[in-house]
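Chemist: Below are the chains, spelled out letter by letter.
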Amino acid sequence: MLEYIIRRVLYVIPIGLGVTVLVFALVHMSPGDPLSAVVPPDAPEEMVQDLRKAYGFDKPLPIQYVTWLGRVVTGDLGVSVARGREVVDELRIAVPNTFILAAGGTLLGFTLGAIFGGIAGYFQGRWIDKLATAIAITGVSVPHYWLGLVLVIIFSVEMNVLPSIGMGPGGSTAWAWDAEHMRHLVLPVVTLAVIPMGLITRTVRATVAEILNQEFVQALHAKGLFQRQVLMHVVRNAAPTTLAVMGLQLGYLLGGSILVETVFQWPGTGSLLNSAIFERDLPLLQGTILVLAMFFVLLNLLVDILQSAIDPRMSRQ
Amino acid sequence: MTTARTLDSKQQAIVDAAQVAVQSRGYWATVAGRIRDDKVTIVCGLVVLLIVFSAVFADLIALADPYKASMLKRLAEIGAPGYPLGADEMGRDMMTRLLYGGRLSLFMGISPIVIALAIGGTLGLVAGFLGGRVNMLIMRLMDVFYAFPSVLLAVAISGALGAGIGNAIVSLTLVFIPPITRVTESVTTQVRSLDYVEAARASGAGSLTIIRVHVLSNVLGPVFIYATSLISVSIILASGLSFLGLGTEPPEPEWGLMLNTLRQSIYVNPWVAALPGVMIFFTSLSFNLLSDGLRGAMDVRL
Chain A
1 MLEYIIRRVL YVIPIGLGVT VLVFALVHMS PGDPLSAVVP PDAPEEMVQD
51 LRKAYGFDKP LPIQYVTWLG RVVTGDLGVS VARGREVVDE LRIAVPNTFI
101 LAAGGTLLGF TLGAIFGGIA GYFQGRWIDK LATAIAITGV SVPHYWLGLV
151 LVIIFSVEMN VLPSIGMGPG GSTAWAWDAE HMRHLVLPVV TLAVIPMGLI
201 TRTVRATVAE ILNQEFVQAL HAKGLFQRQV LMHVVRNAAP TTLAVMGLQL
251 GYLLGGSILV ETVFQWPGTG SLLNSAIFER DLPLLQGTIL VLAMFFVLLN
301 LLVDILQSAI DPRMSRQ
Chain B
1 MTTARTLDSK QQAIVDAAQV AVQSRGYWAT VAGRIRDDKV TIVCGLVVLL
51 IVFSAVFADL IALADPYKAS MLKRLAEIGA PGYPLGADEM GRDMMTRLLY
101 GGRLSLFMGI SPIVIALAIG GTLGLVAGFL GGRVNMLIMR LMDVFYAFPS
151 VLLAVAISGA LGAGIGNAIV SLTLVFIPPI TRVTESVTTQ VRSLDYVEAA
201 RASGAGSLTI IRVHVLSNVL GPVFIYATSL ISVSIILASG LSFLGLGTEP
251 PEPEWGLMLN TLRQSIYVNP WVAALPGVMI FFTSLSFNLL SDGLRGAMDV
301 RL
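Just so you know, the protein sequences line up as chains A and B, in that order.
This note's numbering applies: residue 1 is where the first sequence begins, and numbers increase by one.
This note's numbering applies: residue 1 is where the second sequence begins, and numbers increase by one.
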């Protein structure tokens, strides 16, 4: 197992490098001069050339990539063109905000999904199973940005009980554990939880149903164990798969909360991406995507290692 | 020994079912019979057809001009005279725009899957059939794309390329190539190691002949069904890009973009503003149920 963990950790290196190449390429794929966001169109040609040299845009791409990578490794993601602040500083504010949203969404989605999926798998084929399956498929089919809008219409516009935008009173951008911030968290978290809820319901249902059909469960019954004790065995066997799906979902929500953050104007990485795109702020765009992708890569690693710790069969594939 | 992430449960089901497919003769007849008995799948198939049909023939069904604005009718209520589903923020007939909107939304959702099926299918076939270094190269490249959550990858690529329908389709295609490649590779690897492919090779058939006659026929079905299961996500993502202002540009009718522009009006006429999302939801739900039904029918082990 140790060998598996080492191999899995080493595998992060080529993937991480691949990610940096892709993120670098992304920005150079974008049309137009990368300087156009900083330089006014009527700037003298000399000044443009000087700036180009200062930013290193006059060098060949591979060299630019290596220089950029060298800076990234030391934690320097450059300066945001539109905001004039370090990209790292912007991310330091935004990442925790997105994390709160994503963690809340994953937790809620996981709890509901585990309950629905467990019940559905246990009562396979009964009406309650059909109901849970219907909830699951609705969860994965609903466009969550629209669901967010509908929740705002119901709870903010019609009933006026929950705030529709922002993270806290007065455009707060720093999370605090108080009632006002919690109230702001409700609608975005419910919106984000819907997709993981659907996926986890499906996974848990399939896993539980499969385990219950295995011979060892019959053997446990035959041995005279109580229903509750048998259930413990089922949970233990269903845990690795469920855990893997949950870990990946957290990663998807971290990177995919942009739509929901846009609906609720949540001051996280999604809002950062959104403004970076529309202000053509390339360093900010590059930095945010890179950090989110790296989180996802590390989360994948963590899930794989945890999974192999719970279920030794995984590492022997 | 594999360090790459293994297939998810949906992908695994497809790969497992493919194994049954090559082993039994009357397989597709059984599948067709199962679909005939499955009312939900048939109804969903009909709903999908209806949605596609109403989008394609929007100019015959619609009562009004989707671009014709009217100051007086701005944000008319649902059921206002002449405006059965109300009017948008420019006073354009909602029902007409929802019908026309299906054209772009469906096109932007389905065409990335078709292109990704062609590219990813070829890559997976080559990787699975040749194995060794080529397989390694292709599959590791796909792993890099897998390092991005799909929404992030789509937003990143279309954000870098800029708004526009073409750019949105390019970015979504890149999102769906890796999963399709992975499934195709798994199915192909499985089929390649079967006895009858070995027998064909022993009797002197060339690689191309083996691929064309023996491998392709067994790989296409499962991969195609897997691809249909991605359409629902693709439609949600495509409209999502437009919702962010990245896909379609105004005044084009498209569900995601309509949702975006009507968002400002939720305090004036909330339920008209929510309508485009209802269309995205129903379309995605029907595609999901349809592909679930197809997948279930294919899995004879059940």
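Hints are computed from structural coordinates only; laboratory data are not their basis.
Each residue gets a CB set at the ideal place from its N, CA and C atoms; glycine is no exception.
Just so you know, not all the hints are guaranteed correct.
Claimed, not checked - Here are the simulated DSS-like cross-link-like pairs (lysine-lysine), alpha carbons at most 27 angstroms apart as the crow flies:
| id | chain 1 | residue 1 | chain 2 | residue 2 |
| --- | --- | --- | --- | --- |
| 1 | B | Lys10 | A | Lys130 |
| 2 | B | Lys39 | A | Lys130 |
| 3 | B | Lys39 | B | Lys68 |
Claimed, not checked - Partner residues are not named here, just some residues of chain B that face chain A (Cβ under 7 angstroms, in silico):
| id | residue |
| --- | --- |
| 4 | Phe57 |
| 5 | Ala147 |
| 6 | Gln264 |
| 7 | Pro270 |
Said to hold, decoys possible - Covered stretches of chain B, going by a simulated chain A footprint (3 or more residues, C-beta under 8 angstroms):
| id | region |
| --- | --- |
| 8 | 158-169 |
| 9 | 218-228 |
| 10 | 240-248 |
Chemist: Determine for every hint whether it applies to the structure shown.
Modeler: Checked hints:
1. About 19 angstroms separates the Cα atoms of Lys10 of chain B and Lys130 of chain A, which keeps this hinted pair within 27 angstroms; it holds.
2. With a CA separation close to 15 angstroms, the supplied pair Lys39 of chain B and Lys130 of chain A stays within the 27 angstroms bound.
3. In summary, the hint linking Lys39 of chain B to Lys68 of chain B is not supported, as the alpha carbons are separated by about 41 angstroms, beyond the 27 angstroms threshold.
4. This hint is violated: Phe57 of chain B has a C-beta 25 angstroms from the nearest C-beta of chain A, more than the 7 angstroms allowed.
5. Annotation: interface hint on Ala147 of chain B holds; nearest CB of chain A at approximately 5 angstroms, less than 7 angstroms.
6. Checking Gln264 of chain B against chain A: minimum C-beta separation of about 11 angstroms lies over 7 angstroms; hint violated.
7. A hinted interface residue such as Pro270 of chain B counts as satisfied when its beta carbon comes closer than 7 angstroms to some beta carbon of chain A; here the least separation is about 4 angstroms, so the hint holds.
8. Judged by the Cβ-Cβ criterion of 8 angstroms, the region 158-169 of chain B is covered by chain A as claimed, because 4 of its residues qualify and three suffice.
9. With 0 residues having a beta carbon nearer than 8 angstroms to a beta carbon of chain A, the region 218-228 of chain B misses the requirement of three or more and the stated coverage is violated.
10. For the region 240-248 of chain B, the proposed coverage by chain A is satisfied: 5 residues have a C-beta within less than 8 angstroms of a C-beta in that chain, meeting the threshold of three.
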